[in-house]
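Visitor: So you can see what is in the structure, the chains are spelled out below.
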Amino acid sequence: MTFNFDSKSPTGPIEDRWTNHRFSSKLVNPANRRKHSIIIVGTGLAGASAAASLGEMGYHVKSFFIHDSPRRAHSIAAQGGINAAKNYKNDGDSIYRLFYETIKGGDYRARESNVYRLAETSVRIIDHCVALGVPFAREYGGLLDTRSFGGTQVSRTFYARGQTGQQLLIGAYQAMMRQVSDGNVDMYPRREMLELVIVDGHARGIIVRNLITGELEAHHADAVVLATGGYGNVFYLSTNAKASNTSAIWRAHKKGALFANPCYTQIHPTCIPVSGDHQSKLTLMSESLRNDGRCWVPKNLNDTRMPSQIPENERDYYLERRYPSFGNLVPRDVASRAAKLECDNGHGVGPSKLAVFLDFQDSINRLGEDKIREKYGNLFQMYEKIAGENPYKTPMRIYPAVHYTMGGLWVDYNLQSTIPGLHVLGEANFSDHGANRLGASALMQGLADGYFIIPTTLTNYIGGTNLQKVTTNNPEFKEAMDSAKNRINKILGIKGNKTADQFHKELGHVIWDYCGMARNKEGLEKALKMIPKIKEEFWNNISVPGTGEQLNQELEKAGRIADFIELGETMCLDALTREVSCGGHFREEHQTPDNEAKRDDEKFAHVAAWEFKGEGKKPERHVEELKFDYCHPTQRSYK
Amino acid sequence: MESKHESNKMMTLHLKVWRQKNPHSEGKLVDYELNNVNPDMSFLEMLDILNQKLILKGEEPVAFDHDCREGICGSCAMVIDGNPHGPQKSTTACQLHMRHYHDGQTIVVEPFLAKAFPLVKDLVVDRSAFDRVIQAGGYISVNTGSSPDGNALPIPKENADLAFDAATCIGCGACVAACRNGAAMLFVSAKVSQLSLLPQGQAERAERVAKMVYQMDAEDFGSCTNMGSCAGACPKDISLENIARLNREFMRSMISGRKSYPNRKGGASEGSPA
Numbered sequence: 003m004t005f006n007f008d009s010k011s012p013t014g015p016i017e018d019r020w021t022n023h024r025f026s027s028k029l030v031n032p033a034n035r036r037k038h039s040i041i042i043v044g045t046g047l048a049g050a051s052a053a054a055s056l057g058e059m060g061y062h063v064k065s066f067f068i069h070d071s072p073r074r075a076h077s078i079a080a081q082g083g084i085n086a087a088k089n090y091k092n093d094g095d096s097i098y099r100l101f102y103e104t105i106k107g108g109d110y111r112a113r114e115s116n117v118y119r120l121a122e123t124s125v126r127i128i129d130h131c132v133a134l135g136v137p138f139a140r141e142y143g144g145l146l147d148t149r150s151f152g153g154t155q156v157s158r159t160f161y162a163r164g165q166t167g168q169q170l171l172i173g174a175y176q177a178m179m180r181q182v183s184d185g186n187v188d189m190y191p192r193r194e195m196l197e198l199v200i201v202d203g204h205a206r207g208i209i210v211r212n213l214i215t216g217e218l219e220a221h222h223a224d225a226v227v228l229a230t231g232g233y234g235n236v237f238y239l240s241t242n243a244k245a246s247n248t249s250a251i252w253r254a255h256k257k258g259a260l261f262a263n264p265c266y267t268q269i270h271p272t273c274i275p276v277s278g279d280h281q282s283k284l285t286l287m288s289e290s291l292r293n294d295g296r297c298w299v300p301k302n303l304n305d306t307r308m309p310s311q312i313p314e315n316e317r318d319y320y321l322e323r324r325y326p327s328f329g330n331l332v333p334r335d336v337a338s339r340a341a342k343l344e345c346d347n348g349h350g351v352g353p354s355k356l357a358v359f360l361d362f363q364d365s366i367n368r369l370g371e372d373k374i375r376e377k378y379g380n381l382f383q384m385y386e387k388i389a390g391e392n393p394y395k396t397p398m399r400i401y402p403a404v405h406y407t408m409g410g411l412w413v414d415y416n417l418q419s420t421i422p423g424l425h426v427l428g429e430a431n432f433s434d435h436g437a438n439r440l441g442a443s444a445l446m447q448g449l450a451d452g453y454f455i456i457p458t459t460l461t462n463y464i465g466g467t468n469l470q471k472v473t474t475n476n477p478e479f480k481e482a483m484d485s486a487k488n489r490i491n492k493i494l495g496i497k498g499n500k501t502a503d504q505f506h507k508e509l510g511h512v513i514w515d516y517c518g519m520a521r522n523k524e525g526l527e528k529a530l531k532m533i534p535k536i537k538e539e540f541w542n543n544i545s546v547p548g549t550g551e552q553l554n555q556e557l558e559k560a561g562r563i564a565d566f567i568e569l570g571e572t573m574c575l576d577a578l579t580r581e582v583s584c585g586g587h588f589r590e591e592h593q594t595p596d597n598e599a600k601r602d603d604e605k606f607a608h609v610a611a612w613e614f615k616g617e618g619k620k621p622e623r624h625v626e627e628l629k630f631d632y633c634h635p636t637q638r639s640y641k
Numbered sequence: 561m562e563s564k565h566e567s568n569k570m571m572t573l574h575l576k577v578w579r580q581k582n583p584h585s586e587g588k589l590v591d592y593e594l595n596n597v598n599p600d601m602s603f604l605e606m607l608d609i610l611n612q613k614l615i616l617k618g619e620e621p622v623a624f625d626h627d628c629r630e631g632i633c634g635s636c637a638m639v640i641d642g643n644p645h646g647p648q649k650s651t652t653a654c655q656l657h658m659r660h661y662h663d664g665q666t667i668v669v670e671p672f673l674a675k676a677f678p679l680v681k682d683l684v685v686d687r688s689a690f691d692r693v694i695q696a697g698g699y700i701s702v703n704t705g706s707s708p709d710g711n712a713l714p715i716p717k718e719n720a721d722l723a724f725d726a727a728t729c730i731g732c733g734a735c736v737a738a739c740r741n742g743a744a745m746l747f748v749s750a751k752v753s754q755l756s757l758l759p760q761g762q763a764e765r766a767e768r769v770a771k772m773v774y775q776m777d778a779e780d781f782g783s784c785t786n787m788g789s790c791a792g793a794c795p796k797d798i799s800l801e802n803i804a805r806l807n808r809e810f811m812r813s814m815i816s817g818r819k820s821y822p823n824r825k826g827g828a829s830e831g832s833p834a
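Chains as they are written, first to last, in our numbering: chain A, 3 to 641; chain B, 561 to 834.
With the rest of the complex left out, here is chain A (with noise of 0.2 Å):
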């Protein structure tokens, strides 16, 4: 297989890139858009969006997605806020802030242009979004209100109370709305993809099961848009949705899209403790919380007392006395690590000690208890339903978890992947948040992908391709559809003795273990003789009740679990390569005195990207270095 790879960064002064970009990019007439049609797998945040500006453009969009409806899509769940630097507090923010703060919450990690530009565009995400209706939190004057999120000093966070996913993706949801009445979008509900379709090297179609009667389908179009979001769900226990899964970008790696920084998985400081066996996942509470919660742990060892029997003098509020600047405010891998020590020390908290304080009672006593009920009262709710207590009265019990994924496709500056014609959005690349993403940033990047990227970089592609005519007679389409059928064939014949749960959770302990919070060599290299072992276990004894054609939520499972353990492998090569830590990837052997990350900018200042090389072979692993020209990277300090 070739592969161009090109980043396709503009060069010259940052401010200027993407205006010039846009200015040197084709355009297509709008009288010709409408012979133009593009696939757009999943309607998250960057999927919805994207359909909805292709559509108003005039492109022909076909939408697919897995849920009954696209506003199921899992962007929906984030709580906290969206980032944009506005500067309506006067707090000394600016664009070159929010650029220059994302490069080094990343770790040094990431591409300049792309931050630079998503930095630019994130001012009109915010007045795009108000336009559609959505109802963010607004102060006494009827102003935008905006709070404080981690890895930053400044006030820049826009939020919609703990639903700010929820309100952002009901907006973007509506806007495609708009289109599939226009009749610019057909919507392709309860339909998952299993095959990219490549014709003469282009990306020119998909292979999906209609998950209601098991048909399978083929689709052609001129482009093909994955938005399907990330992968933390191989670690089976994550904050992400019981259906969110690789399966999508891992069959177009398969077909030759290079998989960038697998290993860069982001463990969220503060999520709702597991409870036990049974436990199917596990819920976030929003980093907007550590604007007025303190985290602490008792100071003695094993304190088994009420957190309200603790003295003032006998509580360690570890993040403060470490990060006297940032305090609770530091970024998630940070503080994820911070409470991983104290529980590792002997500090933790709870039945399981798994386990550290995030404390209220200041903001409550200094605020009261309506001020904190108006700002977080969905999360407060929610924590009592799952936890059973009543966090207004006793602290919240956090521990970290997976929650976000900073590897996926590698993208260049158009997103478009190693495939041309092949384009990936928001959290299914790999692009702009380096090896740890900043908090509120996520809906961020999903929206400026979809919204305001994509519609000038895929008319580029459209505008500067010559397209043959192709239909789902040609061959490729049919080989497609029949390795797609001899898969689901051969996973309905085994009928084995063990579930598709059994088989996730065992992956999951695994990748947790071995290429979690923590990793090491010995322990990566026991995960790279673990993951075969279940891979071959799950091709001989997995049991799927039922037959392909009709409703079969295990056989969707199935299928969804092979990938992830395909992909597990290729993480954990992943995070054995790299010997460094950087970010949410923190080898053990690499670390400064004070247990932070220690980076190594001479070997490791680039992106890893991983070629599929056939069953059974070891990938190839490609470099792109990634060059510096204003953020200098130096030892990352919150202190």
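No lab work stands behind these hints, which were simulated from the structure alone.
Yeah, the Cβ is synthetic: ideal placement off N, Cα and C, and Gly gets one too.
Since no wrong hints were added, every one of them can be taken at face value.
Output of the computed footprint for chain B on chain A, the stretches with three or more beta carbons under 8 Å from beta carbons of chain B: (1) 78-88; (2) 127-138; (3) 170-177; (4) 281-287; (5) 498-507.
Using the hints, position chain B against chain A.
Guide: Chain B in isolation, oriented as in the chain A frame:
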């Protein structure tokens, strides 16, 4: 939160679950006994355990919609002992925990049934009618790139808060399942309220409500008889006030609307002045 039992004491439950292979086959309640139910489990985790047992016996698991399991995506939809999403107020099925049940209890689990929500399989129903109602007009028509500064238009906090309260609807359909007429008034009124309370929604205010109400009727949702079961079942506490606002908006649209809308017989609610 008060538990009805000692924590960590495993329970045995008797389940009666609606099983139906497809829309054309006969459905029936099937009995299952489930041991070792942990009170900290969510209701859906309890169903997961049941399904694992069924699969290992070679039987088909119970199909049900679910996804985020945080009460926000609106996927989960089941009637538990006669109540959509179960007995707890302001709670989706995925956020209902087994600590509210006691050892030996019988629980009946059925799908959200309504004329406009055809059954797909077991507990899964087709709620695409909601999408078509939104498609009919539940949006503000602005193209990407044409918006003024977000702070160009101040919105009084009170209006913003009311719009927000309406916007918290998750589109689960509990309101329809709870209504003896299978009406979707609470769902439609939440969207109409949100957008008509905001200055950005004014341009299409009259047209939007008319189109959404016509589509609601075309989808075979029933009429509203102001019983309020919808608001009682709503996991997000969408208020009945929104239905009052919908009726007012609809009447306003009929009187002041400058465009001609498709013909329609009655008002938005039976018994309402429109």
